[in-house]
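**Student:** Residues per chain are reported as follows:
2 protein chains.
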Amino acid sequence: MTRTTPAGTPLGDDFHVYDTTLRDGAQREGISYSVTDKLAVARLLDSLGVGFVEGGWPGALPKDTEFFARAAAGELDLRHAALVAFGATRRAGVPAQEDPQVRALLDSGAPVITLVAKADRRHVERALRTSAEENRAMIADTVRHLVGEGRRVFVDAEHFFDGYAHDPDHALRVLDAAVTAGADLAVLCDTNGGQLPTGLADTVREVVARTGFRVGIHCQDDTACAVANSVAAVQAGASHVQCTANGYGERAGNADLFSVVGNLRTKLGMPVLPDGRLTELTRVSHALAEIANLAPDAHQAYVGASTFAHKAGLHASAIKVDPELYNHLDPAVVGNEMRVLVTEMAGRASLELKGAELGVDLSGAPDAVGGAVRRVKELEARGWSFEAADASLELLLRRELDAAGERSAVPEAPFELESYRVLLDHRPDGAVVSEATVKVHVAGTRVIATAEGNGPVNALDAALREALVPHLPWLDEVALVDYKVRILTDASGTDAVTRVLVESRDDHEEWTTVGVHGNIVEASWLALRDALAYKALRRNANADRPATGPAAATA
Amino acid sequence: MTRTTPAGTPLGDDFHVYDTTLRDGAQREGISYSVTDKLAVARLLDSLGVGFVEGGWPGALPKDTEFFARAAAGELDLRHAALVAFGATRRAGVPAQEDPQVRALLDSGAPVITLVAKADRRHVERALRTSAEENRAMIADTVRHLVGEGRRVFVDAEHFFDGYAHDPDHALRVLDAAVTAGADLAVLCDTNGGQLPTGLADTVREVVARTGFRVGIHCQDDTACAVANSVAAVQAGASHVQCTANGYGERAGNADLFSVVGNLRTKLGMPVLPDGRLTELTRVSHALAEIANLAPDAHQAYVGASTFAHKAGLHASAIKVDPELYNHLDPAVVGNEMRVLVTEMAGRASLELKGAELGVDLSGAPDAVGGAVRRVKELEARGWSFEAADASLELLLRRELDAAGERSAVPEAPFELESYRVLLDHRPDGAVVSEATVKVHVAGTRVIATAEGNGPVNALDAALREALVPHLPWLDEVALVDYKVRILTDASGTDAVTRVLVESRDDHEEWTTVGVHGNIVEASWLALRDALAYKALRRNANADRPATGPAAATA
Numbered sequence: 019m020t021r022t023t024p025a026g027t028p029l030g031d032d033f034h035v036y037d038t039t040l041r042d043g044a045q046r047e048g049i050s051y052s053v054t055d056k057l058a059v060a061r062l063l064d065s066l067g068v069g070f071v072e073g074g075w076p077g078a079l080p081k082d083t084e085f086f087a088r089a090a091a092g093e094l095d096l097r098h099a100a101l102v103a104f105g106a107t108r109r110a111g112v113p114a115q116e117d118p119q120v121r122a123l124l125d126s127g128a129p130v131i132t133l134v135a136k137a138d139r140r141h142v143e144r145a146l147r148t149s150a151e152e153n154r155a156m157i158a159d160t161v162r163h164l165v166g167e168g169r170r171v172f173v174d175a176e177h178f179f180d181g182y183a184h185d186p187d188h189a190l191r192v193l194d195a196a197v198t199a200g201a202d203l204a205v206l207c208d209t210n211g212g213q214l215p216t217g218l219a220d221t222v223r224e225v226v227a228r229t230g231f232r233v234g235i236h237c238q239d240d241t242a243c244a245v246a247n248s249v250a251a252v253q254a255g256a257s258h259v260q261c262t263a264n265g266y267g268e269r270a271g272n273a274d275l276f277s278v279v280g281n282l283r284t285k286l287g288m289p290v291l292p293d294g295r296l297t298e299l300t301r302v303s304h305a306l307a308e309i310a311n312l313a314p315d316a317h318q319a320y321v322g323a324s325t326f327a328h329k330a331g332l333h334a335s336a337i338k339v340d341p342e343l344y345n346h347l348d349p350a351v352v353g354n355e356m357r358v359l360v361t362e363m364a365g366r367a368s369l370e371l372k373g374a375e376l377g378v379d380l381s382g383a384p385d386a387v388g389g390a391v392r393r394v395k396e397l398e399a400r401g402w403s404f405e406a407a408d409a410s411l412e413l414l415l416r417r418e419l420d421a422a423g424e425r426s427a428v429p430e431a432p433f434e435l436e437s438y439r440v441l442l443d444h445r446p447d448g449a450v451v452s453e454a455t456v457k458v459h460v461a462g463t464r465v466i467a468t469a470e471g472n473g474p475v476n477a478l479d480a481a482l483r484e485a486l487v488p489h490l491p492w493l494d495e496v497a498l499v500d501y502k503v504r505i506l507t508d509a510s511g512t513d514a515v516t517r518v519l520v521e522s523r524d525d526h527e528e529w530t531t532v533g534v535h536g537n538i539v540e541a542s543w544l545a546l547r548d549a550l551a552y553k554a555l556r557r558n559a560n561a562d563r564p565a566t567g568p569a570a571a572t573a
Numbered sequence: 019m020t021r022t023t024p025a026g027t028p029l030g031d032d033f034h035v036y037d038t039t040l041r042d043g044a045q046r047e048g049i050s051y052s053v054t055d056k057l058a059v060a061r062l063l064d065s066l067g068v069g070f071v072e073g074g075w076p077g078a079l080p081k082d083t084e085f086f087a088r089a090a091a092g093e094l095d096l097r098h099a100a101l102v103a104f105g106a107t108r109r110a111g112v113p114a115q116e117d118p119q120v121r122a123l124l125d126s127g128a129p130v131i132t133l134v135a136k137a138d139r140r141h142v143e144r145a146l147r148t149s150a151e152e153n154r155a156m157i158a159d160t161v162r163h164l165v166g167e168g169r170r171v172f173v174d175a176e177h178f179f180d181g182y183a184h185d186p187d188h189a190l191r192v193l194d195a196a197v198t199a200g201a202d203l204a205v206l207c208d209t210n211g212g213q214l215p216t217g218l219a220d221t222v223r224e225v226v227a228r229t230g231f232r233v234g235i236h237c238q239d240d241t242a243c244a245v246a247n248s249v250a251a252v253q254a255g256a257s258h259v260q261c262t263a264n265g266y267g268e269r270a271g272n273a274d275l276f277s278v279v280g281n282l283r284t285k286l287g288m289p290v291l292p293d294g295r296l297t298e299l300t301r302v303s304h305a306l307a308e309i310a311n312l313a314p315d316a317h318q319a320y321v322g323a324s325t326f327a328h329k330a331g332l333h334a335s336a337i338k339v340d341p342e343l344y345n346h347l348d349p350a351v352v353g354n355e356m357r358v359l360v361t362e363m364a365g366r367a368s369l370e371l372k373g374a375e376l377g378v379d380l381s382g383a384p385d386a387v388g389g390a391v392r393r394v395k396e397l398e399a400r401g402w403s404f405e406a407a408d409a410s411l412e413l414l415l416r417r418e419l420d421a422a423g424e425r426s427a428v429p430e431a432p433f434e435l436e437s438y439r440v441l442l443d444h445r446p447d448g449a450v451v452s453e454a455t456v457k458v459h460v461a462g463t464r465v466i467a468t469a470e471g472n473g474p475v476n477a478l479d480a481a482l483r484e485a486l487v488p489h490l491p492w493l494d495e496v497a498l499v500d501y502k503v504r505i506l507t508d509a510s511g512t513d514a515v516t517r518v519l520v521e522s523r524d525d526h527e528e529w530t531t532v533g534v535h536g537n538i539v540e541a542s543w544l545a546l547r548d549a550l551a552y553k554a555l556r557r558n559a560n561a562d563r564p565a566t567g568p569a570a571a572t573a
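Protein sequences, first through last, are from chains A and B.
Just so it is clear: in the first sequence, position 470 is 488 by this note's numbering, and no numbers are missing.
Just so it is clear: in the second sequence, position 219 is 237 by this note's numbering, and no numbers are missing.
Chain A with its partners taken away, still in its complex shape (with noise of 0.2 angstroms):
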């Protein structure tokens, strides 16, 4: 926690991967990290070997107050990046040790700060209401006492490209302050995302002359620039780059980690990050997504699911023969793969291809290929989509086998419904009570059993396991760890049907199952059998292993 450098990147302090997810990302609508979500971002991003991680804002929001006291109390023990928190400098007319929102950031305890700045004249005098001595007076303060109680400062020259064009000497005498008080460097901010390559960059290679101060870079994405500017403000001579994961941010969002990094690497060959991450990219982008409760981005460069496929007929064959003539990378580099899309959804080649991923053989059982590819088509044309539910493929997949007289894959279903039936209340006295009543067959025996839950699918789920564990004690070691849900509405609005995936988990993996109808509840009881199904399959499988496996010679 008290590291002030990047650690094991092999530019160490000559060159900063700065990364702002956790505070400037967490600007983007829609994301609302909670501070569980915020130590795990902040885990993965350490993983990838990024040099700095900016935590939040202590003092100014509650849940980044927590954050960094969490972080500090041992629930994060970041590898390489060092952990930053951000803050503004001191208010006008108050000494910097009396601002309690410096307080803030030291009592946060991290060992980097970065203060934000206004580098623009008019900001000064329009919103914060000063003059510009005092504004350079409270950046040269905060940042002297920052540095007299043992932080690493850099300051944030928010504005700093329109400031530098509307009034170049008040900009560079803002980042004068910042230096000559003890900032390590200065990061010039396209705080409004107005800036062009070409222009942005001879203003980087101009403060760096005229200064010689050591400068970073912070671009937004409002020209559809940022990633670009980034890249040639390092060219330019910038040595330390801010970056969001997937470029979450405000309006257009900033420039995108996983692109910067990229191009750095791969294009310009600097090493930014550790040896060996760079095959995370893809990964840890897509977790990122995952945390923030948004889909990935499938077009986004180097990371994206269909960045290296090729649907082009001109290409297609021309692939095959030379990969590399039509990807500008190896797409492993950056953890990613090729695809090549097949026109009609599923194909054989392709459902054979996903049936040996799932350890399904599907050589040889050209009936069963052909029953498979007519049942996705047909389930998919209802809504139904497999590309997320791995377990509910591989078992469509042994069904078909099954259908078509091959060697059995699929057990016995271990129970069968006869029928449930759900209840909601809105009582009048406010309260709202789910209760779900399950008649099943299980072992020989039809059981009834009802349980109350928090929702219709909660209920029916409790009730399941109420009727099934005594007679299954082993499905008590399922979990239910995700439930998604997705309305898919036709152009008329009239025919939606509800698409429901359900994550579960043992003690040895997780699998994600599927489930499509009109009605919620029934949907989701489709993707809740699969998924005890699945876990049947899997206990089938534990358990002949021993009998035929080389294990069984010496038991």
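Be a bit skeptical, because a hint or two may be false.
The list treats identical chains as one, so a pair stands whether inside a single copy or across any two.
Unchecked claim - Pairs of lysine-lysine residues, derived as DSSO-like cross-links and limited to a Cα-Cα distance of at most 30 angstroms, are as follows:
hint, residue 1, residue 2
1, K372, K395
2, K285, K457
3, K81, K372
4, K81, K395
5, K285, K502
6, K395, K285
7, K457, K81
8, K395, K457
9, K457, K372
10, K285, K81
11, K81, K502
12, K395, K502
Keep in mind that the hints were calculated from the coordinates and are not lab data.
We have chain A already, so just place chain B on it with the hints.
**Tutor:** Below, chain B alone, put in the same frame as chain A:
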């Protein structure tokens, strides 16, 4: 249909905005245009004032052949743009006039033809499997033949930048073959999308200096720099820029037409569109997303719904004073608008600003503002989000005004719920039935009504209408347009709550309301209730108008 140059753009033929949404954009995973779609796309692009619309590859794709036939038959009346057919040069060893694919280009009737030609020697040898000489002859023969038939010809030099880096002499001789044979210009294509602006601009500058040819630029987004690369190429001497709407295209996509045009016009001052068309940018972008059946990207530069939205507490108070300090551009210039987001980061200033946007005057009502801030924060901590639910927020603000004793702003609730009960049956025969019963008080009566529906929420909505419409016939004007569900899970996964957004519409407007609860049906109920309350509010406001407004005097 016979125009070969752009009409009515201020730069005339000196600068080309060339759109290839219908050909290269259609390569995007998930896009499948019908011929009718293609005609609609071409009309929208033309209405924006682009110079060239590339319609597809006649002869290679049946839909594209049909598109050109219907265009030629009079279904496409372009005002600004010249229509372009895309195709390949003659095959190796076949005279151009005998090649059926070349024939199809002429038969399309398109006045302008863009030929793709291989500029990278490795592609000629390994993919085309012919010699560099024959490749150049294929280009020259085909260009000469088409020009001889009265067509204007452009040549896309595919993989130009990789090819130039590998063997500059070969790449330049390909350009020479095209231009010497009569092509108007050669388009330098970053087909694999691996370029960065600085290197790409250097190459463009060098090629222009060495050849003196007119060149165009075509960029893919694999380094997230397609827009920046396009602009840098224009600054380096390219006078023809190929883009696709919203950056649609294979892999990471193409250069986004709207960002490129926005940058050229507002940052570099180039009048690339006819007067008055820049304000159509946002509308056309969204309409083209609609036709592609893709959600518009809320964070897209210039045109995204969130691109001029502000949620930072830091900025909100200053934005109120001086919006131009915080936007790189007046959003009205591109037909977009500024929004203030209400979130947990929001303070009093942003709520007041948002209130003004919604027509709720909170000035001089500090208690109401304070109450609203507390209420919003409390609800957002429990999973509510008002970012996308303006109607719920307006009701909240008006209720706080009432509570603070200000002039009553919300009408009495038009009805009161006593209780509801929803029954979901999965019967032994497999049928799934949803039935809801509501007990409500409306117009002094207690009404009980029961209805079936497609799922629990649909049944509840149906029962509610059954109960209320006889007493409040205006409720029948409200249609449910969309329904979105989001499960919000905390880290442990047990205390999940459900957030429901309901989008409603009558003949005058659309509005969105939100509900959050552990039980999805109750969350839906809360959103439904607000949807009807909002309708009642608007109805009252409209009913009041003739009685109090100037219209009353003449009535």
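**Student:** Look at each hint and say if it fits the structure.
**Tutor:** Here's how the hints hold up against the structure:
no. : hint         : verdict
1   : K372 to K395 : within (15 angstroms within a copy, 47 angstroms between copies)
2   : K285 to K457 : neither (61 angstroms within a copy, 67 angstroms between copies)
3   : K81 to K372  : between (43 angstroms within a copy, 24 angstroms between copies)
4   : K81 to K395  : between (46 angstroms within a copy, 13 angstroms between copies)
5   : K285 to K502 : neither (38 angstroms within a copy, 42 angstroms between copies)
6   : K395 to K285 : neither (39 angstroms within a copy, 45 angstroms between copies)
7   : K457 to K81  : neither (46 angstroms within a copy, 42 angstroms between copies)
8   : K395 to K457 : neither (32 angstroms within a copy, 44 angstroms between copies)
9   : K457 to K372 : neither (36 angstroms within a copy, 52 angstroms between copies)
10  : K285 to K81  : neither (38 angstroms within a copy, 39 angstroms between copies)
11  : K81 to K502  : both (26 angstroms within a copy, 28 angstroms between copies)
12  : K395 to K502 : both (22 angstroms within a copy, 25 angstroms between copies)
Of the numbered hints stated above, those contradicted by the structure are hints 2, 5, 6, 7, 8, 9, 10, listed in ascending order.
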